[in-house]
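So the sequence lines, in the order shown, correspond to chains A and B.
Take 596 as the starting number for the first sequence in our numbering and just add one per residue.
Take 6 as the starting number for the second sequence in our numbering and just add one per residue.
Treat the hints as calculated values from the structure; they're not laboratory data.
Please note that the accuracy of each hint is not assured.
What the hints assert, rightly or not - In silico lysine to aspartate or glutamate, DMTMM-like type, Cα no more than 25 angstroms apart, as pairs:
(1) B:Lys134 with B:Glu88
(2) A:Lys915 with B:Glu88
(3) A:Lys992 with B:Glu88
(4) B:Lys134 with B:Asp123
(5) A:Lys617 with B:Glu103
(6) A:Lys915 with B:Glu163
(7) B:Lys136 with B:Glu88
(8) A:Lys992 with B:Glu78
(9) B:Lys266 with B:Glu212
(10) B:Lys134 with B:Asp169
(11) B:Lys115 with B:Glu75
(12) B:Lys155 with B:Asp205
(13) B:Lys256 with B:Asp282
(14) B:Lys211 with A:Asp997
(15) A:Lys756 with A:Asp727
(16) A:Lys915 with B:Glu91
(17) A:Lys992 with B:Glu91
(18) A:Lys735 with A:Glu702
(19) B:Lys155 with B:Glu185
(20) A:Lys617 with B:Asp132
(21) A:Lys756 with A:Glu710
(22) A:Lys992 with B:Glu75
(23) B:Lys211 with B:Glu185
(24) B:Lys115 with B:Asp133
(25) A:Lys756 with A:Glu680
(26) A:Lys617 with B:Asp133
(27) A:Lys992 with B:Asp71
(28) A:Lys617 with B:Glu91
(29) A:Lys756 with A:Glu639
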Amino acid sequence: MRLVFELWQVCINEWTKLIRRKRLWVALILAALIVALFAYTTHEDAASALATQSPGAVQQQIQEEKAQLAQFQAQPQTANIKQMESGLTSELQSLQHQYQQLQHPGEWQQTVRQEIQQDKQQLSTPAATPQDRAQQGLVKVDLLQLNYELNHGVAPVLPWKTSVYQSLQHFLDIVSSIFLPLLVVVVAADMVSGETTSGTIKLLLIRPVSRTRILLGKWLAALFATAVLTLGTCAAMLLAGMAIVGNTGARAPQVVGIGYQFVTSQLAAMQGGNSIVAIPQVGHASVLPIWEFVVLEMLLITLGMFMMATLAFFCSVLFKSSMASTAVAIGVVIVGNIAESLIQKKFMALLFTSHLNPANDWTGQSAQTFHWSLGLGGGLLVMALWTLVALGLSLWKFQRQDILNA
Amino acid sequence: MSVLELEAVSKRIGGRLILDNLSMSVAAGEVYGFLGPNGAGKTTTIRLIVGLARPTAGSIRILGHDIARERREAVGNLGAIVENPEVYSYLTGRQNLEHYARLAGIPNSKERILEVADIVNLRQRLDDKVKRYSLGMRQRLGVAQALLGKPRLLVLDEPTNGLDPAGMREFRELMRSLAETGVSVFVSSHLLSEIQMMCDRVAVLKEGRILAERNVEEMMTGGEHKVAVTVADGQRAVAILAQGYPGTDEKEGVVRVPCEKEQIPQLLRTLVAAEVDIYGVAPLSDTLEEAFLSLTQGVEEAGEAGV
Chain A
596 MRLVFELWQV
606 CINEWTKLIR
616 RKRLWVALIL
626 AALIVALFAY
636 TTHEDAASAL
646 ATQSPGAVQQ
656 QIQEEKAQLA
666 QFQAQPQTAN
676 IKQMESGLTS
686 ELQSLQHQYQ
696 QLQHPGEWQQ
706 TVRQEIQQDK
716 QQLSTPAATP
726 QDRAQQGLVK
736 VDLLQLNYEL
746 NHGVAPVLPW
756 KTSVYQSLQH
766 FLDIVSSIFL
776 PLLVVVVAAD
786 MVSGETTSGT
796 IKLLLIRPVS
806 RTRILLGKWL
816 AALFATAVLT
826 LGTCAAMLLA
836 GMAIVGNTGA
846 RAPQVVGIGY
856 QFVTSQLAAM
866 QGGNSIVAIP
876 QVGHASVLPI
886 WEFVVLEMLL
896 ITLGMFMMAT
906 LAFFCSVLFK
916 SSMASTAVAI
926 GVVIVGNIAE
936 SLIQKKFMAL
946 LFTSHLNPAN
956 DWTGQSAQTF
966 HWSLGLGGGL
976 LVMALWTLVA
986 LGLSLWKFQR
996 QDILNA
Chain B
6 MSVLELEAVS
16 KRIGGRLILD
26 NLSMSVAAGE
36 VYGFLGPNGA
46 GKTTTIRLIV
56 GLARPTAGSI
66 RILGHDIARE
76 RREAVGNLGA
86 IVENPEVYSY
96 LTGRQNLEHY
106 ARLAGIPNSK
116 ERILEVADIV
126 NLRQRLDDKV
136 KRYSLGMRQR
146 LGVAQALLGK
156 PRLLVLDEPT
166 NGLDPAGMRE
176 FRELMRSLAE
186 TGVSVFVSSH
196 LLSEIQMMCD
206 RVAVLKEGRI
216 LAERNVEEMM
226 TGGEHKVAVT
236 VADGQRAVAI
246 LAQGYPGTDE
256 KEGVVRVPCE
266 KEQIPQLLRT
276 LVAAEVDIYG
286 VAPLSDTLEE
296 AFLSLTQGVE
306 EAGEAGV
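Use the sequences and the hints to build the structure in full.
Quick look at the structure:
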């Protein structure tokens, strides 16, 4: 019991110190800026979709092309002109078909049933090459989505409307690879080195409380600050987005749990693609409404940020100067990101930067990049290992360290 | 039982032996001074005592509890200032004390905080941010945090750093009053005059070894009494006194004569009879500085036995 009480006292101390230091407030201001950026881009995207995809806009395009066709028809009919005319005519046909669909959004179920039929037909032919199997895998995924839409009565999002969940999902992926980790580093990377630099570590450690408990208390306070920052930023982005484009498309299907089988194919390489073909496996897949997926993605990103905070925390134990620990932690994130884009080997899946957004493991997107199907379970395991090893090394070093020059 | 006991403590840092087989002990209610030239290992010793660093060999016990094995009981009786007391400058004085009180697990922390603030005279500025404190106030806050847990042993490293003479005198009086309540104080300082005025016993450290450990009084007088007579012609006075008072010497017009208090009248009559002009007579004790310097420079003081 005393362990818990003491740990709680240390946590209160550390949190009191955190909120009175500038670093946390700097992080909050940066977070506010990114939320503003998201709101702005969402607004711009929504406006552009409205301008180009609404029924009125399509009708205008049709008129313009008709006028152009008339112009061509008025000119002498050379082979060139005839080619342009036929091109314009087929474009006109598809635009008018699009317009028809826009005029009758309620009949989406018809379209979906048709697409399901087409997919089933594709699956009935046997798959010979790995590329064919890959194609069939994609069709299976498509089928899952279509069936979900039909069974749950989920109409597709109208083209001139924007789904906040789609744009947030895209934005979260970008933000979780560098920006959120940097925020976390700003807060966590000088938890210990800051006190070593300022000398306050001396008085902190001449206490009956063991060094282990003091370090754990600091770590827990850092995790709490991380959770507040990450979830707060994500929630703020969602709310800002909803304020701008509303709640359309909340129930659109998102397929998760897609495994991948990787087959080498010389034929594929010769045809100019990758020699490794990724074949989607839907055996363990399931479908979620996208709003649920995005909320879970936020929680998974928070877990990824916990791992990041622990690594930054480890840097702060390793280095005496808070400048050095912050720089190294930031450097590691950036180098990890660069390596990820340059090295496409399997072992990169074990690097911590690959799991800052574990939702990518869940949807199978990361499996496609690394040619290794870890899945959500595998991703979480890798994260847990990085976290525990970093924490363990921090505790070990802190416990044994002689404080001679602080 | 001694409050602090070091037994055969050695510390090796990066191949260099900083402390070599150190042994010493501090009794209850004693003010114990720790002296030594720069690089002797005083700060390292202090860091070992408070648990900031680990000895390579030997043991350190506070009230019988080994600091390595029974850390909580040992450090629970300890209050310390190591070099400058670094406190959190972005917190107020009170918040700093609350921070340390939480770690000490003391009951009634609010009252205790006000108590120690009164002891060190910081009550009025307790709610100001420490970054607005003067150096002296920070020093006093450092003493306050050391006193929070009602320690039986206070370990101080250069505690009067930054204090003005009034502050130094207050500090000295505080240490003496604490010692009277049974608290032991272990203080390391460069200010020999301070040590001289504050301490009961003193240890001199050089190159990681204790050269000498004895009572302050003893160290200053060397067990022998001398008289200083200020005269016009020092050489002549020495010549006159050399026979009756062996060991007499002269320095800048002041003749130093080994003689007891009772012999002073006879001494003066001898000088007067020889028509030596006398300007002043006073009992002479070496300052601690001289005793210290001669010890650490390995020069034996004339007449000081057993060094």
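Name the hints, by number, that the structure is in violation of. Structure breaks hints 9, 11, 15, 23, 25.
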